[in-house]
Each structure stands twice: as structure tokens, then as C-alpha cells.
Amino acid sequence: MRKLLRYLRGYIRETILAPLFKMLEASFELIVPLVTAQIIDVGIRTRDTGFIWKMCLVMVALGVIGLVCSLTAQYFSAKAAMGFSTALRKDLFAHISSLSYRELDAVGTPTLITRMTSDVNQAQTGVNLVLRLFLRSPFIVIGALIMAFSIDVSVAMVFLAAVPLISLVIYFIMRWTVPIYKEVQKMLDGISRLTRENHVGARVVRAFGRQQEEIREFDQADSLFTRTQMSAGKISALLNPLTYVIMNLAIVAILWAGSRQVDAGQLTQGEVTALVNYMTQILLALLALANLIVAVTRAAASGVRLNEVFDMTASLKDEAQQEIKSSFAGSRVVFSNVDFSYTHSGAPALEGITFSAEKGEVVGIIGGTGSGKSTLVNLIPRFYDASSGQVEVDGYPADRYPLKQLREKVGVVPQRAVLFKGTIRDNLRWGKEDATEEEMYRALEAAQALEFVEKMEGKLDAPVAQGGRNLSGGQRQRLTIARALVRNPEILILDDSASALDYATDAALRRALREQSRQAGREMTVFLVSQRAASVKQADKILVLDDGRLVGAGTHRELLESCQIYKEICLSQLSEKEVAAT
Amino acid sequence: MKKSERIRQRETISRVLAYIRPYRLKIAVMLVFAMITVGLTLYAPVLIGQGVDQIVGPGQVDYGRLWKILLTLAGVIGATALLQWMMNLLTNQVTYHVVEDIRGRAFNHLQQVPVSYVDQSQPGDILSRIVTDVGQFSDGLLMGFTQLFTGIAAILGTIGFMISLNGSIALLVVVLTPVSLFVASFIASRTFSMFQVQSEKRADMTSLVEELVGGQRVVQAFSYEERGMERFDRINEELRTCGIKALFFSSITNPSTRFVNGLVYTGVSILGAFIVIGGGMSVGQLISFLNYANQYTKPFNEISGVITELENALACAKRIFDFLETPPEEPDDPHAQVLEMPDGSVDIDKVSFSYRPDTPLLQDITIQVKPGQRIAIVGPTGCGKTTMINLLMRFYDVNAGEIRVSGYPVKQLTRDSLRRNFGMVLQETWLKAGTIAQNIAYGKPDASREEIEQAARQAHAHGFIQRMKDGYDTWIVEDGENISQGQKQLLCIARVMLMRPPMLILDEATSSIDTRTEIRVQQAFEQLMEGRTSFVVAHRLSTIQTADRILVMKDGNIIEQGTHEELLAEEGFYAKLYASQFAQS
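Each protein sequence line maps, in turn, to chains Y and V. Note that this note's numbering has the first sequence beginning at 1, numbered continuously upward. Note that this note's numbering has the second sequence beginning at 1, numbered continuously upward.
A few of these clues could be false.
[What the hints assert, rightly or not] The calculated lysine to any residue pairs, modelled on SDA-like cross-linking and capped at a C-alpha distance of 25 Å, are:
id: 1; chain 1: V; residue 1: Lys26; chain 2: Y; residue 2: Lys90
id: 2; chain 1: Y; residue 1: Lys90; chain 2: V; residue 2: Lys201
id: 3; chain 1: V; residue 1: Lys444; chain 2: V; residue 2: Glu530
id: 4; chain 1: Y; residue 1: Lys90; chain 2: V; residue 2: Asp233
[Claimed, not checked] Some residues of chain Y that are not near chain V, with every Cβ distance over 12 Å (derived):
id: 5; residue: Thr297
id: 6; residue: Leu316
id: 7; residue: Leu450
It is worth saying that the hints were derived from the structure and are not from the lab. We treat Cβ as the ideally placed atom computed from N, Cα and C, and that holds for glycine.
Extracted from the complex, chain V is given alone in its bound form (with noise of 0.2 Å):
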């Protein structure tokens, strides 16, 4: 189990550094940098240390080394700085371009995907991956690289120069500091479940504030104020009892550490102090020395901190890659035909499809529709009549038999004409952010003003689009949510009333249409089915009984097919159906 994960964790690694590749010569300009970055600012102590040696007592000064020695450091200084600066900029531009390669990557892959799994997977989710996910990992995973290593570089360094400068004082703090390590490792151990009891308390918290709050409408209908509280407060102070614990033994890292670290400190000092006088050392060597142990834990302290940063950043490219990873929709047969002026004939051939393969649906069902006929699928909710959408636009393959359009089996066909020779308005209008032009023009992008009235003047909808304030500029927000409903509807019919499409695929509204609006939607509706092939799902009976054929599904297939009357006559499932409308009480 631990290890499969190592090597889950060993390919997501190999995968990461695939994506950063063509920037591994910036990578290896930044991680120089980083090198010479610690090892001047390590540097710096010396000669602070060396310039205080000058600097003894009245009369002792030696004025000319000093100043050399200010002159060096000065130098270090600025130069420390000009590489650290550059060495920003680098980081970030290896963190945004990666960021930017691989969100532009997600969301082209995202086109890509079968519509099957966007149907199973949650927007949110998606989102998450896209957006978080990917802004995480390269965070965590560049500047946390970053400064693992010149966290390690520093530690290093640091040995290295109190080595030279004095080994028995460099044992001294190369054995004291883990105990430093330790106090903090313990301590973030204790943490750790503490910070899990809050977490859940606090998960609870959530969803009850989810639930009571996000339900206060119901709260309130039931008088459930009173019960709410009580459940509220129980868990408030629950909550404040474990918040307390998380939150103090959080904070009591620093000072603890810190108190190590001071402990070392004086190590240094008294240890130090004894060497100097015995002459084995400079005072400002010990200062360089003090220098050290105040610094020497700092990289750790990150470094542990970074690992975890890691890891998280690690999961994060695991979920963005496993969406990656998932197959795209089957590319189009590379001799696939372009589908040009169809005569609307649409064969369905002894078609079997099933979402599962335990489940089966549609089996073995033969429809011919002839060009320009109507037909209408009805049956109660969750029976599948999306389904046959699915098929004719090829959001979803058939398991066996075919489907001919003018002729052509669908799979010869480029999916993309295929699909924009059907106009298709759903009943879950969706509507992009932007103006009320361009939602109409969405198909025929390059459409004039002229057309596009057209197209709107057709749908009805040229007379509410007048009536808003900046007329066809009026800004759609995202999913349409300042305009209604209806005229949603209205501005997805117009939107393929322009496309002028042979064939049509209409699914109609079941309800929360007001009625003008309603009228205006039938007869646009008319309007586009006017010589087109069509298929309805079929709310209203009306549009049922106009139809050339009805086909009845039930419990994802097709039950019975025929005309209204022929339908009627049958006694069948249909016929129970239209009866249930007129039940008496």
C-alpha cells in the first residue's frame, strides 16, 4: 500500500518534471544563483566579524583595513542583493509560465473530454483542479523547491564556514541544534491532533451553518429557530474548547524554538568566550560565530515546513494530471467526410446503447425519418429522452447498429459538422457572460447586426431585447441570471435561428415559462421546425399531436411509436399517459 503510493508519488514526480523541461535552463541559472546567494550572505558575518577585529579599543583602530573590509562587505551586500532579485524574478517567471502552460493545457483537455464525463463530473470539482489545484502546485511546488534548496545550501554553508572559523565551537552547535528540532517535531506531532479535532469540529460547524443558515427559509417555516440554536450552541463551544488547545499549542512552536535556540546561543558564547581568552580565536570571530547560531536553525525550521508544502503541492499535480489523463472524446475517423447541405433524412439502424454496460437501455431500435418530418419523444421523467440526443449529436456512441444522416453513417462524419447541422436548444438554456449580441451570434460569430436582429426578430425576442436598456449590448451576466427564464429560452432559439440548420433537436420547457413569454416560445419554435427535421422532447400536447410520429419511452426505451390517434388506439402505455392528465378526482 505505502509503497504503490511511493510510486504513484514517484511518477507524479517524473510527470512535474516533464512540464518544466524547456524552462530547465532558467531552473539552472535560478538554482546557481540560489548557490551564490547563501554563500555571500553567509559571507557576510565574516567580514562583519573581521571589521569589528579592527575596531579594539582607543587607539587600536586600524582605520585602513577596516575601510578595505567595509569596501568588501558593501560589495557583498549589493551583490547578494542583485542576485537574490534576479533570482525572484526567475522564480516567478518559471512559476506563472508553468502555471499558465498547464492551466491553458487543463482547459484545452477539458474540450476534449467526452461529454459522458462531464456528465459524471461535479463543476465544482473541475473548477477546483483548473483553477486551485494547478495555482497550488506551482507554488508550492517552485517556491518550495526553491527553498528546500537553499535551505540545504545554508545549512551546509553555515557548517562549512563555522568549520573553518572554529571546530570544537562548529560540534558544539552541530550537536545542540537538533534538540532544537526535536522540541519543534514534538510539539507540531501534538499539534497535528489537535489541529484534527478542531478541523472536524470545525467540518461540523460548517455544515450545520450550511445547513441552517442555507435553509433559513425552511427554519423559519417550521419554527425551527429554537431547536437550531441549541444544536448551535453545543457545537460552538465545542468548537472553543478545541480551538483553544489548536490554537495555543500552534503558537507555542516559535517561542519554544526559539528558546532552544538561545540556549545554543549561550553555548556559543560561554564556550566562545573560554577559546578567545585562551587566544584560540578573535572576539570577532566569535561574533560571526553568534551570528551563525542565530541563524543556523531558521533553514530547518523551513525545510520542514517546506516538505510538507511539497507534498500538498504533489497532490495537487496528482489530481490536475489524473484529469489530464483521462481519454479524450475518440478523434474523428481521419477520413471523415465534412457533412455538407444534408437532405435532413435521419436512419436509425438497430441502434443499442447503454451508459453502463450491467444497465442495458435503448436495444435494437429502427426509426427512419424522412426529411422535414417531425417527431416528438414523450414519457415520464428519467426516462432517457435525453438519450436520444446524446446519440444524434454524438455526445455519446452507439454500442451497435448505426445512425445515417442524408445517407452518411454519423461515425464517417466530422463530428463538428455533423453537429452544427443540428440546431439544438435544450431546456437548461446556458448563455455565456457577454452581450446579448454575441450570445445570438455564438455559432456564426462573424453574423452582421442586420442577421442577428433577424435571427432575433424571428425568435420573438427582438421586441424584449428593445425594451432593455442598452438593447442587443445589454451584458449577459454568467448563466443568464439578469434576465428570465423565457427569455433565455427565447435568446437560445434565436441564437440557432441564425445557424439556419437542416435539422433541429429542441427539448421543451416543462414549466417556469410565464405565459406571454410561453406563446412567444411556441411559436418560435414553429417558426425554426417550418421544412426542418425534428425532434422534440415533448412537454405539451399540442406540439404531441402535431407530430409525424411520437415515440414513447419508458424506462430508457422506446415503447411504443406511431401517431397520436394510432397511439391512442393502441391502449398502451401512451394511452395511460394521456389519461393520467384528465384523472378525476
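Excised from the complex, chain Y in its bound form (with noise of 0.2 Å):
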């Protein structure tokens, strides 16, 4: 948590200013037991009214300076709390945004979503109630203390005893409860994975008949946790009438001290009366201090995660600073002997890829889950850098590039289909900022998408909810599709993205894809990567990955000649005529 205060640091001013005026409003809480002594000691003992009205506008004038204090502390706090989350969240977006592919993959786009929302959220609160209260609840403890024992050092021994002990009871009754309260919350977490798991499996369920099984189970799960939290509640519930009891009971000893005291002359009766104030202001204190303790563990533990956010850097360096100019004729993508592997010391995803794809060629990429195909595609727009070995693009190695130009080089369709809130429109600008009308609607046509979107209310302009929930499966491909061909790559990767098509879209897909690469002038390079020999085959050259290695490359009717492990997909998948027919 320290390290992140430094986003205070524009607030320097109200982070100071806050907790002081807060105090400030405690101190004059602290005077008012005393003036209300004074009314009793003097103003009724002596009957002296212009002395009781006297005091009471002493009263509403410590009110009126308590009010603005409180009220400049708060409007400090609330200032200086929303610019230190501002501050930290535009970080950390910053932050995430500079992570490259492989510390994505470790902590997962999720998480990263719950740090940016509730953890940042979590932590303004957290410094929003420590400039109100931290110091304010301590103050009045100490300050109430300190009044106690400048009225009477005897009757103050009561509060010497008192405060300890309620101490105590707190700080026992939340160490005994917290693990509890933990354990409760993972029993909750067991319940709803019940539940999910239940819902989305509903099918299963019934048809092996297994309803009344998953009853029981979930009726135990249910009943351990009821019983976990009725004992943390035992506990919890001591909280209130034992801090009562040992309150009142203070009282009562310094009415009983105070007697004495009064008897021989050394207090008033109205300094009793303060003193039985100042120990009803530190219980109220001490509880709101243990609230105040929960509220901050929580957010440390949020600011902890965000930490380690932060602790993550780059693995991947953008250097280059010179754009690379070049009409380069050989070929597009050369790998040379390239490695690569996630983690440093996990097996390699890839070994020793070596091959070329030249302008204007589709390159089908075929081989089980695991192989390593996305691995491989993903090395060409630097989302990963291959661990040894090297990869050209357009003759240069793609580290040489400034990371922005080597990406508009390329059109990624990703695997899965992500699309953005807004309308088509907005969602194909992803590719291109300043795409034309007649631009966008090519690509749609490309993407076998044209005829959907011309069908749509509002066509180029009909809305795409979140995550492009109100489309297809498939539609939502063919537009990803279209979102990568209207930046008109000189590469295009289309990553296993025509899973949710049926074979007829993906086969004018596959033609139309075919016509655009071979466009005089343009000669953009496919990257096909499926799982369906039937996609691939027709592609100008087949690589074949088995377990991380280039285990054949050529085309279908090559391999098939060469490739085992090429025949075997093929004969898995096809009938012996359709592997034939080509």
C-alpha cells in the first residue's frame, strides 16, 4: 500500500490539510463534556444565568468551528481520495496497456479487470477513511485520556484500566473471527461453483439422473457453511454487550471514585459528569476504530494486488525508434531456426522452425491443439519473442521495427471473436482509423459478411453490444474478419477463425481471401491456421506442426506423399476420396 501513495503526491496539501482539521473538529468535541461541567458547577451552583447563556453560545460557537472543520476535512479527504484513484488507474491502464502477450497469459485479462475496478475502488476507499479517521479515533482516546487525568489523576486510574481492556476484547473477538469469516467466504465460493456447475451442466445431470445426488451434496456443502458462520457469529456477537458491560462498568467505578473525591473536596459534581462523558466518547472511538481497521485491511490487501500489477514489467521491449522504409522483394516471413517457450523453464512450445511464405501465398498451418500453431503466428507481429532463432519480415528482423509499424503490417483474426460496444462502423475503424465507406464495405464483402450486415437496421451503423453479444458465433467472425482486411495488411493471420462457420461460408471465405492476396500490387500473405484438413488443403503450402516442431511443409498433395503424421489428420477427417481429390 505505501508504494502506491505516491499517487497522493499532487495532494500533498489536502493530505496533510484533511486529518489536521479533523482533529481540530475532535478537539472541540473534547471541550463541550467540560463546558457543560462548568454549566453545572457554576451556572446552577451559583445561579448566575448570564453565566448558563454565556456557555451555551460557547456551545453553538464550538458547534458552528467544528462544523467547518469537519466539513473542510471532509471536502479535503473526498479531493484528494478521488485524485489518488485517478491518478492510480490512469497507471495502471497505462501500465497494462505497455504488458506484452506473455504476462497477459500469466495473470489473465480477468484479473486484470477486477485490479482496475474494484481494487482501485477498494484502495480510494481505504484512503478516504484514513484522512477522515485514522487519526481522529486515537485522538479522542488520547484526548479524552488526557482530560480525564488534568480533572482528577485517581478517578482517571478507571480509565487507565478501561480503555486496555475494551482494547483487548476488540482486538481479541476480529483476531478470533477474521479466519473464520475467510474460511466462510471459500465455503461461499463452494456453493456457487455448485451452483454454476449445476446450471451449465443441467443436461448431464439429468440424464444420468443424478438430481436428488447433487441435492444432498449441495444441502451438506450448505449446512457446513451455515454452521461455520453461526459459530463465527457466537463470536461476533460477544462484541456489543461485552464492550457495554465493561463501559458501564467503568462508569460506575468513577461514580463511586468520584464520590470519594467529591467528599473531600478535590472534584464537583459536574467534573464527575465530564468524566462519565469522556468514557462514552472513547468506547464510541475505540468501535469506530476497529471499523476502521477492517475498512483498511481490506483495502492493503487490495493495494497489495495492485502492486503486483505494477511489479510486472514488459518482457517485451519496443526499441526501435527509426521507421524501416523498404520495397524489399524477397520473401514476406522468414523464420530462421526459431525457438520458443512461454516459460523459462517449461518445454519449448516451439524448436528449430525454419521456412518462408513469399508475397501473395496462403499458408495453411495444420496440426492437433498443443502443436503450437497460434504460437508460431504470433510471432510475426512480435506478440512473443522468439526465445532463439530469428524472424524476418520484409527482410528486416521484426525486433527492427518500431512495434506500431510492424502491427499495421498485419491483420490478426484472432481465435476468439472479440468485438467492441458501439456499430459495425466503430468495430471496422479498429483496423483502420480513417477507413472509407467503400473501403469497409470490401472488406465485408471479403469476409463473406456483406450479406448480413446489408440485412441489418442501419447497416454499417446498426449497434454491436458488449463483447458483440447480439451476434452469431459466426457472425461475429466474419466480422473480425472484415475488421482486419479493411487495414489492408500485407499480412493477414487468420488464427483458427473460421471454426464457427459451416463448411460452405468457409469455402467462399477461403476463395474470396485467395482473390485479395493475389491482387496485382497488394500480394498479401494468408496465414490460415485450422484444425480441418478441408481448410487447409487448397493453401499454396502446408505446414504441418506436431508437439512444437515443423514436422512437413509443402502442399496437400506433397505431403501426403512425405508427411505420416499429415496423412493421419487428413484420414481422420476425410474420406479416402475427398483426400484424393484435389
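Using the supplied hints, reconstruct the complex from the two chains, each of which is provided in its own coordinate frame.
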């Protein structure tokens, strides 16, 4: 948490003033019991009505000043806390944008979303509470103690006994219950899991006739949860009664000890009242402090999680400054002896990959899950850096390009079709900020998306819900393909992006892409990753991957002769007649 | 509109009352305790005041009476604490048990709602009803209710005690307090609108973050970072501006009411002091009054908080009841028979079905399947192949016509026995969090380890299971995320293998399985189908070609049926579908 405090830097004045004003307000509150004592001891005893009026004016004045101080403090702390969270959020967002795929893989984007939203809010609440209350409560406790001692040392001894006692009770109850509540939370997660499981798997549960068993399992988890919650509740239920008893017994003791002192002329009736009031103030302050500690602990936990994100550094460096201007006539993409592994210790995901892809070529990549197909294409736009060996694009090593320039050459269609809230037009503009309508329509046509977009109300301006939820899987995939095409890329990467399309659409798409790639002056190179033999069969070159190794490269016909694994894949998916037909 | 809402709210309340009925005794005790506690808490300041009255000055201390008062006070304190504790325990007990009841009932209901309901609902929605809403409902309702009750009791009690002490000061307090309430509600209404603006901005922020952080890979792929940062900065700044306002206004409620309370306190001091001077009251009684003046507004503030909490709780209750009241699956016919040892024949006789009345789907379908036959269902994505599965398993019931299994109309069979005679392997593999062995034995929990291993062997899963760290005891996390898609499929096959059902429903995976496993899955499917009537939603031509009959579906209907050769000869949709895979550029 401490590291995050740098985001308060722009608000140093507010950060210092807020607690100070809070303390000022608290000190006025500490004076009130003394004023009441004066009214009793002086005003009533001497029947001095003027004095009573005066004291009441003092009280009102104290109230007004207290209010002003308090409002000032609240304003400063609100400003500082919001400033803090705004700066923190901005920095965090920028930091996340700077991370490379390797780090995104490690934490997962859902985690990052939680960090950006609820953890930042939690930290903000923490800062706000600390600024407002963290000094105030201890200040009241100590201030009330000092006041008590200044009134009468021997009676104040009661305070010295009661305050630690109350603190201990609060401390032990919290120490006892916090771990149980953590346990309770875990059990609740289990209950959520069972519910989710039985919703998603409703068909299977019923197919196997297991409803009763599932209910029994749930009831068991639920009743354990209830019992644990109850045992924590039993302890928590002690907090208020116990502190109430201690405080009030202390008041009894104050009255008793006070009566001796009054009898001896050491203390007045009003002062006894003041002592009783201080006791009440202390209890309230201690209870507030306990709540505050819970909130701050939570904020601190968020702080730790946020720091974990900040501690991640991008493993990929964007160091090249100079844009490369080349009209290279050779191969579009060349891999020479490329190795890659996701973790430093883990097994390599790619090993000794060497191949070249020419301009205007359609390159099919096939292999089982985990064979390294996606990994391979991810190295081209430098989502990852090769562990060893070299990836060249248009005659230059990929890391010699500024990232932006390199990635603008490439149109990527990821496995998961991610669309963004807005219109179809907005989404296509992701590919090219200043795309014309004509360019958009051309891209939609090639991506086999024109037909359904034209049917939609508003066409290009038809709304897209968050995540593209208002579209079918196949429609989403076609739009992501159009998005990549609209930027007129030199390299198009389709990472298993046609899996939701039926065979006919898939075939039409491939035909359109082939036309595009062969257009003169453009010579787009297409990388087509797929698990379907039928999808890659027609490619100019097919790369066959198995367990991270390139086990075959060539045309369908060549590979059928030379590559056993390719043949196996084809035969497992296609009939012999289909395999033979080209 | 408002009225109907109120009626609905009243309905919800009466249903809530039905749920807490079993606990009415405990609740009654709780309320009695609450009243006594409130009375005692209010009596303590009176005693303190009386105590102070015994210590007037040097030589004016009545130790005897003081001692008696202090003893009483100690007794009152002890009793208050004890009752408060017991009340807390009772509240906990009732609250948690009501939660357990309702949650259990909701989960039970989840198992009874028709599959159509499950299909239409979001998992997150049901989850939040069963987990979050139930929790909030009980917390809000019971805790809120006791707070409301004690709050009202405290207000009435305070007024009573004050009147008994001195009428005119009591009047002053009662008249001045609404000022504090007015201030609080004035601020609250202002704050509310600012909070609304803030929560709108916050929602904007969240959806932007979900989009750009969630889609970070795409952001980087399209070099969208700078454009994203611009959008982010704009919303972030807006959030800051409205956040400061919301935070500030929400935090001034406490100081402001404290200030008004201070004024009441001052008023009591003045008036009280004059009455004491006039001899109408003792100093101790003034102190009791000041004490009350301090406490009096607290229950008012609490009650206004409690009311929103209660409304929230009722809203949660409504969501739970809405779920609980979705009609369950139509129960089995009371005379339904248990399907035993079916021969494997399936007759689909003039069946019509649609999910929604306005969009007809299957119409007048007749198919006769002989024992042991293999039926392949093919067609483009979204053609309704799963509808067939839904009808055969009776996840949905036909609208017209009849399906007979082994000669029995399915409506005259218990659903359980019908379903257990079908082995089902779906494309969306579903595994439970648990060990591999538990998952394989899902349909037959008493299976021995030998039986489990044998089923795994037949499903070609034994090899990979053995290679795992804990073998058959390897723990599978929710959704089987720690094993590959192909392995999950093999486990699902083993799960069916163990049951040895006479009939099968299989949904072939379109992709996402690695080659080696793919071959194994196929072999496992073959083994499974051996001698069993099977319906296969097929994607592989090899499966289709060996089928005894192919049903070609399009737009929810069966448009062609026959063997591979027959259908090719027909030169219809199937032939086109088949040819599309040979598409030449």
C-alpha cells in the first residue's frame, strides 16, 4: 500500500490538511463535557443565568467551528482520495497497455479487470477513510484520557484500566473471527461453484438421473456453511455486550471513586459528569477504530494486489525508433531456426522452426491442439519474441521495426472473436481509423459478412453490444475478419478463425481471400491456422506442426506422400476419396 | 403502476412471512428481548443521573443510597448485556437458518425446472439469485427488521422516560429533532442524485475497462493503445469530477446531523439549567436528559437507513421467489413405468415440435429406428440438430405425435429410467469438480475401481489417466480446466461406457481436439456404438458414411433422409453440402 501512496503526490496539501482539520474538530468535541461541567458547577450552583447563556453561546460556537472544520476536512479528503484513485487508475491502465502477451497470459485479463475496477475503488475508500478517521479516533481516545487525568488523577485510573480492556476485547474478537470469516467466504465460493456447475451441466445431471445426489451434496455444503457462519456469529455477538459492560462498569467505578473525591472536596459534581462523558466518547472512538481497521485491511489487500500488477514489467521491448522504409522484393516472412517457450523452465512450444512465406501466398498451418500453431503466427506481429533464432518480415528482423509499424503491416483475426460495443462501423475502424465506407464494404464482402450486415437495420451503423453478444458466433467471426481486412494488411493471420463457420461459408471465405491475396500490387500473404484438413488443403503451402516441431511443409499432394502425420490427420477427418481429390 | 407495485410488494411480504413462520417463536422471543433491552438501556442514564445526585459536594455525599443505586446500575448493565447477547444469537440463528432453507429450496428447484428454462437463463443470473440475493435478503430483512423494531422502541421509550422526567424539556427535544431529520434527508436527496451521476460514470468506466483490458490482445494487435488511452483519460477525468462531489456530499451527513444534535443538546442545557435553578428538577435529572438528547436522534438515522435496506431485501426476495415460482418440469405420469431392458428400437411417429409457438420447427416427422441401427444427423450450424437430442432425452416434450422407445410411449415412462437408458456424450463436455474416478463413476457412484478402470480402458482414456500425477485420484477443477478438451471428451465417453446403456446419443466435436486424441476418441466412439442404437450428430464424413441412415437437417427441419449413397443420388441439399467440402478455388 505504501508504494501506492505516491499517487497522493499532487494532493500533499489536502493529505496533510484533511486529518488536521479532523483533529481540530475532535478537540472541540473534547471541550463540550467541560462546558457542561461548568454549567452545572458554576451556572446552576451560583444561579448565574448570564453565565449559563454565555456557556451555551460557547457551545454553539464550538459546534459551528466544529462543523466548518469537519466540512473542510471532508472536502480535502474527498479531493485527495479521488485524485489518488484517478491517478492510480490512469497509471495502471497505461501499465497494462504496456504489458506484452506473455504477462497477459500469466495473469489473465479477467484478473486485470478486477484490479482496475474493484481494487482501485477499494484503495480509494481506504485512503478516504484513513484521511478522515485514522487520526481522529486515537486522538479522541488520547485526548479524553488526558482530559480525565487533568480533572482528577485518582479517578482517571479507572480509564487506565478500562481503555486497554476494551481494546483487548475488540482485538481478540477480531482476531478470532477474521479467519473464520475467511473460511466462510471459501465455503460460499464452493456453494457458488455447485450452483454454476448444476446450471451449466443441467443436461448431464438429468441424463444420469443424479438430481437427488446433487441436492444432497449441495445441502451438505450449505449446512456446513451455515454452521461455520453461526460459530463465527457467536463470537461476534459478544462484541457489543462485552464492550457495553466494560464501559458501564467503568462508569459505576467513576461514580464510586468520584464520590470519595467529591466528599473530600477534590472534585465537583459537574466534573464527575464530564468524566462519565469522556468514558462514553472513548468507547465510541474505539468501536469506530475497529471498523476502520477492517476497512483498511481490506484496502491494504487491494493495494498488495495492485502492486503485483505494477511489479510486472513488459518482457517485450519496443526499442526501435526508426521506421523502416523498404521495398524488399524477397520473401514476406522468414523463420530461421526459431525456438520459443512460454516459461523459462517449461518445455519449448516451438523448436527449430525454419520456413519462408512468399508475397501473395496462402500458407496453411495444421496440427493438433498444443502443437504450436497459434504460437507460431503470434511471433510474426511480435506478440512474443522468439527465444532463439530469427523472425524476419520483409527482409528485416521483426524487432528492428517499431512495434506500431510492424503491427500495422499485419491484420490479425484471433481465435476468440472479440468485438467492441458501438456500431459495426466503429468496430471496422479499429482496423483502420480513417477507413472509407467503400473500403469497409469491400472488407465485409470479402469476409462473407456483407449479406448479413446489409440485412441489419442501419447497416454499418447497426449497434454491436458489448462483446458482440447480439450477433451469432459465425457473424462475430466474419466481422473480425472484415476488421482485419479493412486495414489492407500485407500479412493476414487467421488463427483458427473460421471454426464457427459452416463448410460452405468457410469455402467461400477462402476463395475470396485467395482472390484478394493475388491482387496485383498488394500481394497479401495469408496465414491460415486450422484444425480442419479441408480448410488448409488448397493452400499454396501447408506447414504441419506436431508437438512444437515442423514435421512437414509443402502442398497437400506433396505432404500426403511425405508426411505421415499429415496423412493421419486427413484420414481421420476426410474420406479417402476426399483426401485424394485435389 | 405504483399501486400494482405496492400490491406486489405486499405479496412478497406475505410470502416472506410464510418462510419465517417456522421460526415465529424464536422471533417472538427475540422481540421481547429487544424490548427489554431497550428499556434497560434507557433506564441506565436515569440511574447514572440519580447517582450523580447523591454526590453534590464536600460533606454532601449519601454513600448508602449511592451504593444502592450503583448496585442496581451494575445489575441493569449485566442484564442488558446478557439479553443483548442472547438476542444477537437468536437473530443469527434465525437468519442463517432461513438462508439455508431458502437456498436449499432454490437449489432443489434448479434441479426441477425444465431444461428450457435452464437454456434461456444466464448462469450468472441464477447464481446471483441463489447465492447473493438469498444472503442479502436474510441479512437485510431480519437484521433490518430487528433494527427497525428496536429503533422504534427506543424512540418511544426515550419519549416516555423524558416525559416522566420533565414535560417541557421533552417537548423541546421532540420539536427540535425533526430539524436534524430534515437536514439529513435534505442532504441525502442531494447526495442521491450525485451518486446516480457517479454510478453512471462508474459503469462507463467499467465497461470501457472490460472492453480495453479484457480485449487487450486485440488492442495491441491493432495498435489501439493511444486511441484507447484518450478515451480512458476522458472518462477517468469525468469520474474524478463527479466522484469528488458525490464523496463530499455523502460525507457531510454525519457532521451536519452532529451539529444539529449539538444545538438540541445546547437547548436542553439552557432550559434544563433554568429549570434546575427554579427547583423543578435535580442536576442528575438534567444529566439524564443530556444523555437522552445525545442518543435520541440515533435511532431516527438508523431507521431511515434500515428502510432502504428493507426495500432492497424485498427486491432480492422478489427475485428469489420469481425463480422459485417458475413452474417445475411437468411431473412424471403417476402410472409411469420404469423402462427396463429396452430392445433399442425407437419410433418417432408424426412428431411436431417448436420452441416457440410462432416459429414452427419440426413438423410431422416419422422415423423408425431398429435396434442397433446407427443414425447420423447432419446439417449446417444452427440447423437444430440438438433439438433431436432434446426430444429423445425428453429435455423437451413434443407438441404433437409420439416417440416410442422399445414400444413404450416415452410419456408413459419415468424420465429417470428413460434417460438412464440413453448414454449421452455432448460436444460441450461437462465434468464436475472432483477426482477423475468420481467423474467416470458419475452415473454409477457405487462402481468399483476395477469397473472404473475397465470403462476407462474401453474409452481409451486409461493411458493418459495413468500418466497423470495422481492417476485416477487426480483432482479436476471446475469445468475441467486442468485437462485438455480431448481428454475431457474421453472421460465423458468413459462415463457413459461404465453405464452400458442400450442406446446412445453422441455429439461429435467439430474441432479443438488434437490429432492423436482425436483418433482415440473416434475409436472409443466406435467401441461404444458397437451393438447399440445410436444417434450421432455427425461432423465427420467417416461417421456419416457408415451410418444406417442419415437425417439431413436444415432450418430446424429434416429435409432429406437415407443412406449416403441414396442421398448423393438424390442430388439435393446433402449432395451440395458434401460437395462444398471439395470447393475449388
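Checked hints:
no.	hint	result
1	V/Lys26 to Y/Lys90	violated, 53 Å
2	Y/Lys90 to V/Lys201	holds, 15 Å
3	V/Lys444 to V/Glu530	holds, 21 Å
4	Y/Lys90 to V/Asp233	holds, 7 Å
5	Thr297	holds, 21 Å
6	Leu316	violated, 10 Å
7	Leu450	holds, 19 Å
The structure fails hints 1 and 6 (numbered hints given earlier, in ascending order).
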